[in-house]
Amino acid sequence: MKHAVTLLAAVLLAAGSALATSSTASAADCPSGDFCAWTAAEFGGQRANWSGDDNWWEGNIADQDSSWANHGLSGPGVKDHVQVYEDANTPIEDPDAMTICLRPGDEVGYNATANDRGDSHTWAMGC
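For the sequence shown, the residue numbers in mature numbering (1 follows the signal peptide of the UniProt record, and there is no 0) are -20 to -1, 1 to 107.
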């Protein structure tokens, strides 16, 4: 009986450790080559990701973005910066309405100015 209790305790301890580490949100969850936005700070909540431009965010991410990661690919002549805008089709209608711009590799866990304002984004050569 003592052996069974010890074994059960070890199994529960191992399971608890696995659950604790798997519940931690991270920008590493953003796939290589993509731009990602999350609905909560520090890469929590729901995630949306794109490999190209999106002039009209839909679903749960529009006006709900709170953290961002640019895992896009870089190279000579590659549009590798991500510009996020506060309205749909903004790069066309009002290029000055950018809420945040991410350079290659940028991971922003929270930005009060950009929080909950994104509605579109475009890949660009710079900020």
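Hints listed in this document are in silico derivations from the structure and should not be mistaken for laboratory results.
Yeah, the Cβ is synthetic: ideal placement off N, Cα and C, and Gly gets one too.
Careful: at least some of the hints might be erroneous.
Stated by the list, open to error - Pairwise CB distance ranges (calculated): (1) PRO56 / ASP96: 18 to 28 Å; (2) GLY24 / THR93: 15 to 25 Å; (3) LYS59 / GLU87: 14 to 24 Å.
Hints, one by one, checked against the model:
1. PRO56 / ASP96: 18 to 28 Å: Distance hint for PRO56, ASP96 is violated at roughly 35 Å.
2. GLY24 / THR93: 15 to 25 Å: At 19 Å between Cβs, range holds.
3. LYS59 / GLU87: 14 to 24 Å: 19 Å, holds
Checked against the numbered hints given earlier, the structure breaks only hint 1 and satisfies all the rest.
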